[in-house]
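Using the sequences plus the hints, can you model the full thing?
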Amino acid sequence: DAGVTQSPTHLIKTRGQQVTLRCSPKSGHDTVSWYQQALGQGPQFIFQYYEEEERQRGNFPDRFSGHQFPNYSSELNVNALLLGDSALYLCASSPGGDIQYFGAGTRLSVL
Amino acid sequence: GIQVEQSPPDLILQEGANSTLRCNFSDSVNNLQWFHQNPWGQLINLFYIPSGTKQNGRLSATTVATERYSLLYISSSQTTDSGVYFCAAIQGAQKLVFGQGTRLTINP
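So the sequences go chain by chain: A and B. Each residue of the first sequence is one higher than the last, beginning at 1 in the numbering used here. Each residue of the second sequence is one higher than the last, beginning at 1 in the numbering used here.
Think of the hints as simulated: they come from the structure by calculation, not from any bench. Hints should not be assumed to be uniformly reliable.
As the list claims (entries may be wrong) - Restraint-style ranges between C-beta atoms, simulated for each label pair:
1) A:A80 <-> B:Q78: 43 to 49 Å
2) B:T66 <-> A:P70: 41 to 47 Å
3) B:Q55 <-> A:F60: 36 to 42 Å
4) A:R63 <-> B:N107: 39 to 45 Å
Predicted model, so just to flag it, every value in this text is computed and none were measured. For every residue, glycine included, the Cβ atom is placed at its ideal position computed from N, Cα and C.
This is the structure:
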């Protein structure tokens, strides 16, 4: 049984560009959450998707958007990248929002 | 919203020692999880423990919900236990609120 998988593992972009990160949840999980972890900090909640709808959103600007597909996989899109968007982006899946299981993350560097 | 605080921020021990990590939260919670973040960044689930005590090998955790704290115990530490330990809480809605973490270093 595959766990939560994220792609790509690493990404380098320049300021102003757009990026898409992808996440496949654990089998049987219908809820996907995204978190941003800056260096030396704890992860911060970006948003959560359930039944293809954004169920809850953290304190992030509209440049951060997402999508959930019918197979429960999800994408995180960030537009107009800033240097401060450099971070580890973590995806977590859960059966209905209960215990959350995390993927290995995508490390984004913005130059 | 809920606030989560962890202590100590850093802990350095010799192999074989025991350690206690603390997590305080500002309000009642529906869910509390402990994670170990490995050097590659992945968060490994250790415990789901909104209340009570659980044990898994050398690790155990206790959450006293009425007093709003949780403790993670590591006995007979090994160098592979090194890393950052996070606790995270959910209050009401489904987002996890993380503490700042405890960086544990186990020296041989």
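### Task
Compare the structure with the hints numbered earlier in the document and write down the numbers of the violated ones, lowest to highest.
The structure breaks none of the hints.
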